[in-house]
Amino acid sequence: MASRLKSLELQGYKTFASRILFEFPGRITAIVGPNGSGKSNIADAIRWVLGEQSFSLLRARKTEDMIFSGSEHRPRAGMAMASIIFDNEDQWLPLEFSEVSIARRAYRDGQNEYLLNGQRVRLKEITELLSRAGLSERTYTIIGQGLIDAALSLRPEERRRFFEEAAGVGLYRIRREEALTRLDATRRNLERVQDILIELEPRVKSLERQAQRAQEYERISADLKLLLREWYGYHWFQSQQRVVQSRETVRRIEQRLAEQRARTEEQENRLKEIREAWVEVGSRIESLKERALALEREKTQLERNAAVLEERRAALLAQQKSLGSDRERLEAEQTEIQVQILAVEREREQVQVELETARREIQTLSQQLESREAEERALITQRSSLQTTLSGLEKRQYAYEVERESYKRRLSDLQDQIKRATNQKEESLRLLGEAKERLAQQRQGVEALEARTRELSAELSTLSQRLEAARETLREIQKEQDAVEAAILKARAELSVIEQAEATFEGLSQGTQALLQAIQNGQLPARVKRLSQVLSVAQDYEQAIAAALGERIEGLVLEDPEAVDTLLAFLEGSERGRAILLVGQGEILQHDLTSLNDEACLGRAIEFVQVTPANQGLLRALLGNVWVVRHRRDARRLWPALPEGGRLVTLQGEVFSSDGVIAAGLDRRTTLITRSQRQRELQATLRRLEQKLAALGQSRVAHEADLAQVENDRVAVERELKRRRAELEQKRREYEALVGRVRRQEEDLRRVEETLRQAESQKSVIEQQAQALEQAAKASQSEVKALQAQLEQINAAIQALAVGTLKDQINHWRSVERMTTQRMNHLSQRLSDYQQALQRTTSRLNELEARSVQIQTTLMSLEQEAAALQGRLREFERDEAELREQYAPLETEHHRLQADQERVMAEWRAQQQQLTLLEKQAQQAQLEHMREEEALASLQRRIEEDLGLVSFTYIETVAGQEPLPLNGMVEALPALQQLPPDIEDSIARYRSQLKRIGHISPDLLKEYQELRARYDYLRDQMEDLKKAESDLREVIAELDGLIREAFLKTFKAVAREFQQNFVRLFGGGEARLYLEDETKPGESGIEIEVRLPGRREQGLALLSGGERSLTSVALVFSLLKVSPPPFCILDEVDAMLDEANVGRFCDMLKELSQETQFIIITHNRNTVQTADVIYGVTMGKDMTSQVISLRLENLAEVLV
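Here the sequence shown is numbered in numbering that gives the first Met the number 0, starting from 0 and rising by one per residue.
Just so you know, these hints were derived from the structure itself, not from any lab. This one's a predicted model, so the numbers in the text were calculated from it and none came from an experiment. Where is the CB? At the ideal position from N, CA and C, for every residue including glycine. Be aware that one or more of the hints could be misleading.
[As the list claims (entries may be wrong)] Mimicking DSS-like on lysine-lysine, the simulated pairs with C-alpha atoms at most 25 Å apart in a straight line are: (1) 777 x 204; (2) 1048 x 5; (3) 762 x 407; (4) 730 x 1079; (5) 288 x 298; (6) 994 x 489; (7) 204 x 994; (8) 1005 x 224; (9) 204 x 691; (10) 994 x 224; (11) 1079 x 721; (12) 730 x 424; (13) 1051 x 1005; (14) 5 x 204; (15) 204 x 528; (16) 762 x 418; (17) 1048 x 1079; (18) 61 x 489; (19) 5 x 407; (20) 123 x 61; (21) 691 x 489; (22) 777 x 691.
[Said to hold, decoys possible] Label-pair ranges, simulated between beta-carbon atoms: (23) 118 x 176: 47 to 57 Å; (24) 611 x 1009: 43 to 53 Å; (25) 718 x 176: 47 to 57 Å.
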């Protein structure tokens, strides 16, 4: 086998700071070295470069741990890089390269980058590439340090991952997860689209109705705008006249106001002069008052200071007296303290003598105790040695007794076990026979239920197809019903607008409306019809026929000619307006003109109009002399040939008369024919749609009944199928339980026979061991008695030394020493306290003497200050007398100026009242002028709001906005002196119609078109999403089938290999792999049962470390044999194996290396000997890993 893994290059990765290249030319490469040298970092690097994201598997906590961290002799690296090269000559990787390089770099900021043949790629692309080659998850391709027994420690569902990787379903799993993610996203998108459609559907229908109303709204708005131009033109010029009049009133009042302000200002000046003189005199008076007040305050302060000096003098005298008493008391205390100090010094001398006596006694007794304790320690050491020996013998004697009792119990247990095993063997043979009989019966029941389940499944599939077809038919019917209902709503809305216009006689002249209203109210006994209701005109010719009829289109057709006089009498008077009356019979309206023969002539007008036979004469009278042509140029060409009294009309509504008159332009009365025509069409359409809706309703009821019947049948079959499947599931579980029971019975039988054989063998061995134990117990008893006699002699010698008595005497004198020392310390403390008190008393006497001198000095200073204060008080009394003489004349002058000020103030108030009155009049006139201007501006805004861009004309004296240079593109308001009498009623009527229609958004039609387009787009999207959902479910089901098939195939093969490898590695025993739930192979976990040679079956948790490692090796080697990966890394997987097991491990490793390239990290020399290439790794002085390599075929040459 060619080596797939060619080389590994590391730089800055963990301990590999320098660039190091590992080449793997052989089938087995061994990596050796001491602990901590960095061997396992090589396995981590391969795992890392292949895209591993788990830091725990990489033995790190963050990306920065991948980078060399530095040492004392070498700085840290800024980047970690690992690059691996694969040999791809046989295209085992799906790339068209003979060599494939995968590299990964990590930086200290946490960033990672991946390179494929030197090109940067995403991790996902690396993962998909490795998935196709069976290296995606790497669960057993790279076995890390200490992880060999992970396959045994995992839960059954986690252990399943090993087998799925071996089955190569990793790519299927990834695609299935992606499909599930897309399916979930598709479902969410479908729900959102359905919610949006449910929300949009009522809005679309509502906007469709509103769009129809918008067209009617625009027509009425155009008519209203014509009337508003006249109404606003009249009021515009009236408002300007009122602005001019209010401006003149303001000018007159402001002139009078200016004159009054001049008179008021003159009076204010006089008042100001008098007030200034009065203020000056007042300020002089205030100055004198302030001086007097200041003198009074200073005098009061001097008197207060004199009183304070007297109080301080009295206080100082009292302090001087108190100081004498304190000095006498302190002198007495000083004498008492000196007496106490002498007494404490005599007591200290006596205690010192007692302390020295106690210390001499302690020294003498301590010397005696030291010699006796040395003798006692020697005896105690000898006694401890004898006790230790005696304790060992007694323990041995007790162990003999315990073991003897244990042998008795074991012999008894073995006899009971042999008896029970014999009985159990007989019972197992009986139960095994019964279980095999029930197993055969259960198999027949399962086969019958499986046949019935297949029949029900086929029937359910047929019913489901019928149910889906019925639902699709109902959806089509519902869709058609929705379309018909929408058409009915649309027609009813349009018909309602037309009927409303017909009921209000909209578009007719005032006289016609008055006649119809009177006839409708019963005021006139006449039978009439509007001409537009009598005629039925082809759609393409409506505009031409309306133009030909002109104002006669508003005419009333009289069914009773005798009522003409009554109607004419009603129309007398200008306030009711004019009306046109048409009589169906009468020679005056009859015409008989020759036809006009020309290719451009479409025909006579009466050919495109249908009426009842009774109105044929009226039709000929109105349109008998009218020909219809297609274009204006045709009419102008045929016009000279037109017979007298004849008329030509184009499809655009242009009328050419034989008398040379041409009528052209749009006529709003065209809508009268269109409206009546449309009303009849809508009524017919509504009847047809309602009949269709009723038929669809009946069809839907019938299909719903069929659907309910099919649904009931499907539910019944589904319930029966569910019940049968439950029975089948129960039967299968019972069958599996019986199969397991038979296996367990056979296994129990084998275990019972093995137990019986082992019990007989153990019984003979235990009897021999019991005899030997009895002889050893007797010899041990003699030794125990001799040691006990020696211990009694040593204990008597220790008692004779009396070490305890000497210790008691020493303790007594030490207590005396401590008490004497405490008394000495207490006396020293008392002596120190008395000396400190004597110092404090002497210091206090010195302070009192200094205070007495200070008080005497202060008293002399206070007497001098009191004499100076009395001299100042006499000076203040002289200054007060002078101020009283200056105050009297100033007070008299101040009163006179106060009287003059009050008189002038009264005159100024009178002038001010007159000024205020004129200002109010000016304000009212100004407000009135502002109101008129605001009214004019408000009127202008209303005109612009209702009419849009208008050219305003201003009176000469009214300032207005400079007109825009639009060169006649906008119309000016007409200057009317009076309004037509019915214009406001017409405006109110049009406004009422607009109000009834309601507000119409200017963007309504655009909004409707956009919303309709979005609605249709979302419906298409919903269909696409449903198809995508169905496709994804099919893909998931297909992937589940592929995963299940590949897994079961691999599981069975691995189970066979595991049984063979286990027996080979352990030299016997039994091992089995089985599914937790065989009914669910796509989800079930995998359990392991093992029985070691010579033992009964036991759990994996009871295996030793070496047994667990060897069992895991058997499982991993089975996976490698069934699904060999390109390479495999084993990190110290042989650490727990003994020498014999390592030999079997190496033999199997050599066999597997024929298909898989191995890299082994090991400390075992036997394992190293199987390698073709050896790499040695050690830790250098700079704390980086150093590498040497050696090929074994060159080993002989190196040794030589």
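These are the hints, each one checked on the structure:
no.	hint	result
1	777 x 204	114 Å, violated
2	1048 x 5	32 Å, violated
3	762 x 407	11 Å, holds
4	730 x 1079	15 Å, holds
5	288 x 298	15 Å, holds
6	994 x 489	21 Å, holds
7	204 x 994	22 Å, holds
8	1005 x 224	24 Å, holds
9	204 x 691	20 Å, holds
10	994 x 224	15 Å, holds
11	1079 x 721	17 Å, holds
12	730 x 424	29 Å, violated
13	1051 x 1005	69 Å, violated
14	5 x 204	71 Å, violated
15	204 x 528	36 Å, violated
16	762 x 418	13 Å, holds
17	1048 x 1079	15 Å, holds
18	61 x 489	68 Å, violated
19	5 x 407	67 Å, violated
20	123 x 61	21 Å, holds
21	691 x 489	16 Å, holds
22	777 x 691	120 Å, violated
23	118 x 176: 47 to 57 Å	27 Å, violated
24	611 x 1009: 43 to 53 Å	46 Å, holds
25	718 x 176: 47 to 57 Å	34 Å, violated
Of the numbered hints stated above, those contradicted by the structure are hints 1, 2, 12, 13, 14, 15, 18, 19, 22, 23, 25, listed in ascending order.
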